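Residue numbers (this note's numbering), protein chains in the order written: chain A, 230 to 394; chain B, 21 to 541.
These are computed hints drawn from the structure, not numbers from a lab.
Here the structure is a predicted model, which means the values were calculated and not measured.
Even glycine gets a Cβ: it sits at the ideal position worked out from N, Cα and C.
Take these hints with a grain of salt, some might be off.
Unchecked claim - Facing chain A, according to a computed beta carbon distance under 8 Å, are these residues of chain B, among others:
1. Val-28
2. Val-39
3. Gly-53
4. Leu-85
5. Leu-131
6. His-179
7. Gly-235
8. Val-319
Claimed, not checked - Pairwise CB distance ranges, derived in the manner of DEER restraints:
9. A:Val-390 <-> B:Trp-482: 36 to 42 Å
10. B:Ile-510 <-> A:Gly-392: 24 to 30 Å
11. B:Ala-75 <-> A:Arg-393: 27 to 33 Å
12. B:Leu-196 <-> A:Arg-393: 45 to 51 Å
13. B:Leu-191 <-> A:Gly-288: 43 to 49 Å
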Amino acid sequence: MTTDRQPTVIARTVTRVVVPFILLTALALLFQGHNLPGGGFIAGVLTCTAFALVYIIYGRESLRTLLGIAADGPGVLGGITGLYARLFAVGLLVAATGGVVSMALGYPFLTQAVLYLSDLPVVHALTAVPGVGTLELASAFVFDLGVYAVVVGGLLSVLSVVGRE
Amino acid sequence: MDPTHVAVVPLLVPLFAAVATLLLRPYPTLQRGASAIGGVGYLVAVAALVRAVTADADGYLVYALAGWDAPVGIVLVADALSAFMLTIAAIVGVAALLYSLAYVDAEDQRLSYHSLFHFVLLGVTGAFLTGDLFNLFVWFEVMLMASYVLVVFYSGPEHTRAALHYTVLNLLGGALMLLSIGGLYATTGTLNMADMAHRLANAAEYGIDPAPVLGLSALLFAVFALKAGIVPFQFWVPDSYRAAPVPVTAVLAGVVKKVGIYAIIRVYFTVLSGAALDVSLPFVAGDSVLAYFGPVLLVMAAGSIILGGIGAVNQPDLDGLLAYSSIGQVGFIALSLAVAASAPFGSEVMLVGIAAALVYSLNHGLAKGALFLSVGVIRRGVGSVEFADLGGLSERDPVFAGGFFVGALALIGIPPLSGFFGKFLVFDTAVRAEAWLALGLALVGAVLTIAYFSRAWNRAFWGEPVAFDPQPRLTLVVVVLGVGLLLVGIGFQPIADAAQRASEAAVSRSDYIDAVLEVGR
């Protein structure tokens, strides 16, 4: 790895500006995913591109020190890699549990439902805006959130393990 | 809980066991406990499903995932055939899992072994239960993804090389599978297996031309044969089986191969057999897509039996011998399926042929499981599985030698072990069909089996004893599987009944269609 070639000011500035937008777009895709194009998978991939950009421009250690996580130990799954691996496992747990909850309620595995909220004060304020009427709470979001965590955790584990070698 | 959930529980148990073993990484003892509980829970879940299928009046449990009915949604269909295959998976899988607890290094277990193992079980279970062709592809991939990592598990040069071959081949297979499933979807307009069977049986009504189905199903057939390791798609078998940890090899040979066999039975006998197509080729007579695959299977079975047998006789090490042996043994399964496929649909010969394939699969799963697990005992006890370094093990550890001996005799087919009935049914099928070529092949295969196991026994268990460090915990699993082989042979009647019900389920196309599509009507 060469240390004499620093990223340019342009690259660093663009990264600072672009990363929040990428994360925001990812969140938007995640939230609309239950009935519009988007969803946990694509949102997760997009989030990973933001992380990858930070890694490439600011170096592998920057994110770790920013988040205040201990340095990677000798094991494969120490430090921040361990965190990503746990995120992966938790995501899988969330997605699978989301499916089982419907069984506990007497429906088949993975059955989803949508709750429409239309008489909340916040929503009343929004009804003046065209196109925004009721608030949809989809249970599929829980599954999407699990998928999101699996994708982010899985891809970032790969990035950080391969990046370290 | 609603009793209909019994069909999905065998999927949920390995899924949650995999998640739990991932989350419990910081606590290795708890993690191993969770994995063992998951394994035993899987056995219980499968037993409950088998009971429910047997008790069901029609013998079909249909479970619409997420409440979306067939043919639009993905359904799980548990019938006697799925139940039979799941039983094999559960017994071999749990034995191998408990064996791993004592065999695999503690750090390796902590990192990824247990979750990967449960993911393989998850993929296998899904493949046995799904009623949707595309979903079958997905479960194949789940099973393969985890098995790629398990083959490269020790990460040495030879493991990496084997895993590279295994991965590239199976990725190629996956691409072909997707292509052919896409083609079948374009041709028939459905992915649900029951709906596809229904449409193909009434092709004119739905405006389907059955001709493309033949080519597409031939492509699909190559993929299933690759999974089952039938000649000419056998070349990945020896290296991968040598590279993977021993309990994983037991599962690859005992269970994962059987997924290919199951897929052939389910897709060709249940689904595609209804596609009427005049067959006018030399040596081929019949009126359905299935009839084409009879001669194809026969040639592939012949290749497997001969290549596997001769390859096994020549191996310098025990795991290589067993790997080639499993190519040969799968040849026997393919042979009975070949005779069955050539017989008139629903005839006695076809039923006996499928039952023979199933009983043989059960026997091969248990026996090859026991034998591959014996390889682990020898590798630990002696430090090598090369025949040059072995000898006199029967003197050093008679109990372990007994376990190996029973496994070998079961594969040779000595009564009263389960292997006798497997072999007997294969011969019975050939005689009933008056397929003398198949009978001759089975005889050649039987002689080769005796030859290579005699050689293994002579070189490893007789002769000048070598230093051997007994492995009581590992030996226990081998002996338990050996006793299982004996029990299956002694109490064979229930197994025979189950195999017969399974083979009837495999050819009861209209019952299958009714059971699945009834939900949607």
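*Taking the CB of B:Ala-75 and the CB of A:Arg-393, does the distance hold inside 27 to 33 Å?*
violated, 55 Å
*Double-check B:Val-39 for me: the hint is only fine if its C-beta lies closer than 8 Å to a C-beta in chain A.*
Check passed: Cβ of B:Val-39 comes within 5 Å of chain A, closer than 8 Å.
*Using the beta carbons of B:Leu-191 and A:Gly-288, state whether their distance is inside 43 to 49 Å or not.*
For A:Gly-288 against B:Leu-191, whose Cβ atoms are near 34 Å apart, the range 43 to 49 Å is violated.
*Do A:Val-390 and B:Trp-482 keep their Cβ atoms within the hinted range of 36 to 42 Å?*
violated, 48 Å
*Against chain A, with CB atoms and a cut of 8 Å, does the hint on B:Gly-53 hold up?*
Not OK, violated: B:Gly-53 not within 8 Å of chain A, min 17 Å.
*Restraint check, 8 Å cut-off on beta carbons, for B:Val-319 near chain A*: Check failed: Cβ of B:Val-319 comes no nearer than 42 Å to chain A, outside 8 Å.
*Honestly, do B:Leu-196 and A:Arg-393 meet the 45 to 51 Å range at C-beta?*
violated, 36 Å
*Hinted contact B:Val-28 with chain A - closest CB pair below 8 Å*: holds, 5 Å
*With chain A as the partner, please determine if B:His-179 meets the hint condition of a C-beta pair closer than 8 Å.*
violated, 17 Å
*With 8 Å as the cut and Cβ atoms as the points, is B:Leu-131 at the interface with chain A?*
Since chain A brings a Cβ to about 7 Å from B:Leu-131, closer than 8 Å, the hint holds.
*Please verify that hint: B:Leu-85, Cβ, nearest Cβ of chain A, below 8 Å or not.*
Where the cut-off is 8 Å and the nearest Cβ of chain A is about 5 Å from B:Leu-85, the hint holds.
*asked:* Interface hint check: B:Gly-235, Cβ to nearest Cβ on chain A, cutoff 8 Å. Holds or violated?
replied: violated, 33 Å
Of the numbered hints stated above, those contradicted by the structure are hints 3, 6, 7, 8, 9, 10, 11, 12, 13, listed in ascending order.
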